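Please work from the sequences and hints to get the whole structure.
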Amino acid sequence: MKAEVVRLTVKVTKDVTYGDAPLQKLDFYEPDKPNGAAVLDIHGGGWFRGEKQKESDMAKRFAALGYHVAVPNYRLAPADFFPAARDDVLAAFSWLRTHAQVENLGVFGSSAGGSLAVDVGLAEGVPTVSWSGIFDIQQWFADHPAVVAQPDTKTDFVKTASAEIDQGGRNDPFYKWFILNYVDADETKFSRVEPFDRLTADAGPLYLANSQAEIIPVSGIYRLAQAAAKVGVPVTLQVIPGGQHAEGYLSAAWPGTVAFLAQHLVKGSI
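Residue numbers for the sequence shown, in the working numbering: 1 to 270.
Keep in mind that the hints were calculated from the coordinates and are not lab data.
Every value quoted in this text rests on a predicted model; they were computed, and no experiment measured them.
We treat Cβ as the ideally placed atom computed from N, Cα and C, and that holds for glycine.
One or more of the hints may lead you astray.
Said to hold, decoys possible - Ranges of calculated distance between the beta carbons of each label pair, as one might list FRET restraints:
id	residue 1	residue 2	range
1	94	263	22 to 28 Å
2	60	219	30 to 36 Å
3	186	64	41 to 47 Å
4	78	141	17 to 23 Å
5	57	256	17 to 23 Å
6	251	80	32 to 38 Å
7	64	236	32 to 38 Å
8	191	13	34 to 40 Å
9	263	170	32 to 38 Å
10	57	123	25 to 31 Å
11	191	234	21 to 27 Å
Right, here's the structure in full:
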């Protein structure tokens, strides 16, 4: 007797406009067996690079579980500094809320996308998954005055799979550089980029993951978890051993992420 092979089909509508700027477009993934929920999937890239196609595999993973998925492009620095990226993902989430025609929505992102995911979760009160989000900025800069900002030397970012990017552990010069690049070197904006001043009891539950020794300081998720606990926001914290970054630790973080989203978004889940 042959084993039955189940093939899931996903309808993908590309380059849907959600704003007037050239980068304000998204790809929309529709599952063949919807579970009644939708996820906004936000790409990373230090707020200065990256694009929605790099999230195609992740979006299909979510769609295979029954989620409608929107993957937006958003404006990048230095052409558009903070808060352009945040404004864009909030607009993309509004588009998803209108067009997915489902009751429950959540947000996922990795690296800079993880930071933007938390921005959405705080503003919209929806369940949020952040892998390697950038949260420890003001204190980190105060603790690392001698670090000289340096851009990344990689030239193949667009062609490199997300799971293979920034897997070399700590890179403090690059960390300092891409944060300064995001705010046009205006350190007075750090408090507005960080989530702490915007965190209230109305925020959605948080799933925060980070590697112990990766490019993004793990101190960020500890600080955010403590702040969330103080205002009564539920937090799930996962610290992965080693130096893998964001989707580089997909196999470790995926099971917990799936369970978290199902718990908060899918009816009938435990």
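Hints and how they fare:
| no. | hint | result |
| --- | --- | --- |
| 1 | 94 - 263: 22 to 28 Å | 25 Å, holds |
| 2 | 60 - 219: 30 to 36 Å | 33 Å, holds |
| 3 | 186 - 64: 41 to 47 Å | 42 Å, holds |
| 4 | 78 - 141: 17 to 23 Å | 19 Å, holds |
| 5 | 57 - 256: 17 to 23 Å | 19 Å, holds |
| 6 | 251 - 80: 32 to 38 Å | 34 Å, holds |
| 7 | 64 - 236: 32 to 38 Å | 22 Å, violated |
| 8 | 191 - 13: 34 to 40 Å | 38 Å, holds |
| 9 | 263 - 170: 32 to 38 Å | 33 Å, holds |
| 10 | 57 - 123: 25 to 31 Å | 27 Å, holds |
| 11 | 191 - 234: 21 to 27 Å | 24 Å, holds |
In summary, the one numbered hint that this structure violates is 7.
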